[in-house]
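Student: This is what each chain is made of:
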Amino acid sequence: MTTRYTQDHEYVRLDGTTGTVGISNYAQEQLGDIVFVELPAVGAEFKKGDEIAVVESVKAASEIYAPVSGKVVAVNERLADEPGLVNADAAGDGWLVKFELSDAGELDGLMDEAAYTDFAV
Amino acid sequence: MAQDNADLLKTALYDRHVAAGGRMVEFGGYALPVQYAGIVAEHNHTRQAASLFDVSHMGQMVVTGPDHETTIAALEALTPGDLASLAPGQMRYTVLLNAKGGIEDDLMVTRPAAGEAPDGVIFMVVNAARKHHDLALMQKALPEGVSVTLRDDVSLLALQGPAAAEVLGGHTDVADRLAFMETLPATIGSIPASVSRSGYTGEDGFEISVANEDAPALFDLLMANPLVKPAGLGARDSLRLEAGLCLYGHDMDDTIDPVSANLLFAIGKRRRAQGGFIGDEAVMARLAQGVAERRVGLRFEGRQPVREGAELIDENGAVIGRVTSGTFAPTVEASIALGYLPADLAAMDTPITAMVRGRPVAGAVVATPFVPHRYVRKA
Numbered sequence: 001m002t003t004r005y006t007q008d009h010e011y012v013r014l015d016g017t018t019g020t021v022g023i024s025n026y027a028q029e030q031l032g033d034i035v036f037v038e039l040p041a042v043g044a045e046f047k048k049g050d051e052i053a054v055v056e057s058v059k060a061a062s063e064i065y066a067p068v069s070g071k072v073v074a075v076n077e078r079l080a081d082e083p084g085l086v087n088a089d090a091a092g093d094g095w096l097v098k099f100e101l102s103d104a105g106e107l108d109g110l111m112d113e114a115a116y117t118d119f120a121v
Numbered sequence: 001m002a003q004d005n006a007d008l009l010k011t012a013l014y015d016r017h018v019a020a021g022g023r024m025v026e027f028g029g030y031a032l033p034v035q036y037a038g039i040v041a042e043h044n045h046t047r048q049a050a051s052l053f054d055v056s057h058m059g060q061m062v063v064t065g066p067d068h069e070t071t072i073a074a075l076e077a078l079t080p081g082d083l084a085s086l087a088p089g090q091m092r093y094t095v096l097l098n099a100k101g102g103i104e105d106d107l108m109v110t111r112p113a114a115g116e117a118p119d120g121v122i123f124m125v126v127n128a129a130r131k132h133h134d135l136a137l138m139q140k141a142l143p144e145g146v147s148v149t150l151r152d153d154v155s156l157l158a159l160q161g162p163a164a165a166e167v168l169g170g171h172t173d174v175a176d177r178l179a180f181m182e183t184l185p186a187t188i189g190s191i192p193a194s195v196s197r198s199g200y201t202g203e204d205g206f207e208i209s210v211a212n213e214d215a216p217a218l219f220d221l222l223m224a225n226p227l228v229k230p231a232g233l234g235a236r237d238s239l240r241l242e243a244g245l246c247l248y249g250h251d252m253d254d255t256i257d258p259v260s261a262n263l264l265f266a267i268g269k270r271r272r273a274q275g276g277f278i279g280d281e282a283v284m285a286r287l288a289q290g291v292a293e294r295r296v297g298l299r300f301e302g303r304q305p306v307r308e309g310a311e312l313i314d315e316n317g318a319v320i321g322r323v324t325s326g327t328f329a330p331t332v333e334a335s336i337a338l339g340y341l342p343a344d345l346a347a348m349d350t351p352i353t354a355m356v357r358g359r360p361v362a363g364a365v366v367a368t369p370f371v372p373h374r375y376v377r378k379a
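Those protein sequences? They're chains B and L, same order as listed. Quick note, the first sequence lines up with residues 1 to 121 if you use the working numbering. Quick note, the second sequence lines up with residues 1 to 379 if you use the working numbering.
Please note that the accuracy of each hint is not assured.
Taking beta-carbon pairs under 10 Å as the criterion, some of the chain B residues facing chain L (in silico) [as the list claims (entries may be wrong)]:
1) Gly32
2) Val35
3) Phe36
4) Val37
5) Lys59
6) Ala80
7) Asp81
8) Pro83
In short, the hints are calculated from the structure, not lab data. Even for Gly, the Cβ is constructed at its ideal location relative to N, Cα and C.
If we strip away everything but chain B, and leave its shape as in the complex, we get:
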């Protein structure tokens, strides 16, 4: 599976034509304790760069942008009661939405793991 990162610290992990989107471990550390996550409706369509979610800590609300264009096929329902999953396991159980990608070519403009690690640290 391929994982790509944006400069806004979102990741998209590709599995076939479905991309799982979340925020990086670096981003969750910077945001601190997540107390609320606002997610889009399943079926909603977004263009790359659109606001798709809001992740809120005690201190502030942070917008999350679509790393690629596509249609939402699933959202992480567990976050409604357990928003702290984003802190505990940002790359795993703390995922935000699953996308059906409309243009896999958009992944080329994103950073791979090594490039992102250099960028974020």
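Position chain L relative to chain B; hints supplied.
Tutor: What follows is chain L alone, placed relative to chain B:
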């Protein structure tokens, strides 16, 4: 997300914050830790044990007059607080007002304990972002013979939480001798300090004024107790919100009077009747005729934080009020806020809707504090 702190002022504890893993941010012109381990963990630790906060950015002031009566009379002309009734070693919360009754700042006024300072000296603590403003305002307004200085030679540490008395009691008997809103000089370890039983968390606790050069040693001494962890500005803000305590520049400002802000306890009973302070006409008129809007506590359904700036609407969608502080509160595990509503809609249990990113969030007016205060008052 990283921040350049080069132009910011540093407290005497800056190196301790960095060494303890504090994430440094700008606040009131200072580089201060917003958090160390995490806001929620620090918040909960303060409610369960004891946390140490560096609040050295706040303005510690000294007002000096020829004798106690003269100094108190001069300060009562500037504030609506009943300061004449302060006994030695007592402190009181009050506000500085402008001629329209707007709040220029909120502050603590302390009469030194017997023998702690010469007759005619009063201590004050004001907000960091307002200290130079307050100094100028007071220098202009105080009569000849009464002067005010802003101290830059002292730090201020706050030890807050149910274990604070046990921790401080390991070093000085002053911890047991003080009740809420009292002050005494103390020697902590070998460090001379001025200790008051007060704070901004709703918990029992102490605020300790100490020379800058002694602040790191005092920090180390208190941190050596395993009950104590450091806490930053983030937890300080969520704790004070749960305690229903106002933050200057957010829940009140120079356009809001203390009656609307629900700060009647900052106005002495004698002062309400007699006046004789800047802004007295405006305050007394509002006391007599009522206010147009009032500060309230709000509690919302679900986990969505409703933050400063959110509009409050009625059932027709008309904007009737605003939120001035709000977050998801760790101890009450609910979305809570302070805000302003028309006085006739400010009654307990009145349903109210907040708008967050264009969506309604249902809530109601509730009593404050959201978490009961646990101050240790005199028996």
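Student: Which of the listed hints are not met by the structure?
Tutor: none
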